[in-house]
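*Asks:* Sequence:
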Amino acid sequence: MVSFYNKEDRLRVLIDGPWILLGHYLTVEPWRPQFDPTGHKVITIVAWVQLLGLSREYYDCLLLNEVCNEIGQLVRVDYNTQEGLRGKFARVAVELDLLKPLQSKV
Numbered sequence: 001m002v003s004f005y006n007k008e009d010r011l012r013v014l015i016d017g018p019w020i021l022l023g024h025y026l027t028v029e030p031w032r033p034q035f036d037p038t039g040h041k042v043i044t045i046v047a048w049v050q051l052l053g054l055s056r057e058y059y060d061c062l063l064l065n066e067v068c069n070e071i072g073q074l075v076r077v078d079y080n081t082q083e084g085l086r087g088k089f090a091r092v093a094v095e096l097d098l099l100k101p102l103q104s105k106v
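Position one of the sequence shown corresponds to residue 1 (the UniProt record's numbering), numbered consecutively onward.
No wet-lab data here; the hints were simulated from the structure. Note that beta-carbon positions come from the ideal geometry of N, C-alpha and C, so glycine has one too. Any given hint could be a false lead.
Across the chosen pairs, the derived CB separations fall in these ranges [claimed, not checked]: (1) Pro-37 - Asn-80: 32 to 40 Å; (2) Arg-32 - Arg-12: 17 to 25 Å; (3) Lys-7 - Lys-41: 26 to 34 Å; (4) Lys-41 - Gln-103: 16 to 24 Å; (5) Gly-23 - Glu-66: 30 to 38 Å; (6) Arg-10 - Lys-105: 35 to 43 Å.
Keeping only pairs whose Cα atoms sit at most 30 Å apart, straight-line, the calculated DSS-like set for lysine-lysine is [unchecked claim]: (7) Lys-88 - Lys-105; (8) Lys-88 - Lys-100; (9) Lys-41 - Lys-7; (10) Lys-41 - Lys-100; (11) Lys-105 - Lys-41.
Given these sequences and hints, build the entire structure.
*Replies:* Laid out in structure tokens, this is it:
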């Protein structure tokens, strides 16, 4: 458990992820009363997804949201993607339901 001295730090940790530590995803959630770490099952994660082959016209947040709905819920768009800086792929953070099969293509 982690506590924060100010609200901005807490929001940054909750919103600016997903966090990767030594090559592993670190799941961060707000505290809930009755939380039991021994019985808690992670059923969703936020992961970075690369969308290959998208035309630059699709680097729009509303359009990326539509594309990501096929995968999960869009959490955030990478800065370079959001600014329309052309790379090999668009990069988005998506909340994935671990109870559903992963999709390799959309």
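*Asks:* Given a hinted range of 16 to 24 Å, is it respected by the beta-carbon distance of Lys-41 and Gln-103?
*Replies:* holds (22 Å)
*Asks:* Decide if the proposed pair is consistent with the structure: Lys-88 and Lys-100, CA atoms, cutoff 30 Å inclusive.
*Replies:* Holds, at about 27 Å.
*Asks:* Under the criterion that the straight-line Cα-Cα distance not exceed 30 Å, is the pair Lys-88, Lys-105 satisfied?
*Replies:* Given pair Lys-88, Lys-105 holds - Cα atoms ~16 Å apart, limit 30 Å.
*Asks:* Between Lys-41 and Lys-7, does the CA-CA distance stay at or below 30 Å?
*Replies:* Distance of about 27 Å is within 30 Å: holds.
*Asks:* Taking the Cβ atom of Pro-37 and the Cβ atom of Asn-80, is their distance within the range 32 to 40 Å?
*Replies:* holds (36 Å)
*Asks:* Per the hint of 35 to 43 Å, is the separation of the Cβ atoms of Arg-10 and Lys-105 within bounds?
*Replies:* With a Cβ separation near 37 Å, Arg-10 and Lys-105 satisfy 35 to 43 Å, so the hint holds.
*Asks:* Mind checking the hinted window 17 to 25 Å against the Cβ distance between Arg-32 and Arg-12?
*Replies:* holds (20 Å)
*Asks:* Could you check the hint for me, namely that Lys-7 and Lys-41 are 26 to 34 Å apart, CB to CB?
*Replies:* holds (29 Å)
*Asks:* Hint check: Lys-105 vs Lys-41, CA-CA at most 30 Å. Holds or violated?
*Replies:* holds (27 Å)
*Asks:* Given a hinted range of 30 to 38 Å, is it respected by the beta-carbon distance of Gly-23 and Glu-66?
*Replies:* Hint holds: Cβ distance 31 Å, inside 30 to 38 Å.
*Asks:* Hint check: Lys-41 vs Lys-100, CA-CA at most 30 Å. Holds or violated?
*Replies:* Measuring from Cα to Cα gives roughly 15 Å; hence the hint holds.
Every hint from the earlier list agrees with this structure, and none is contradicted.
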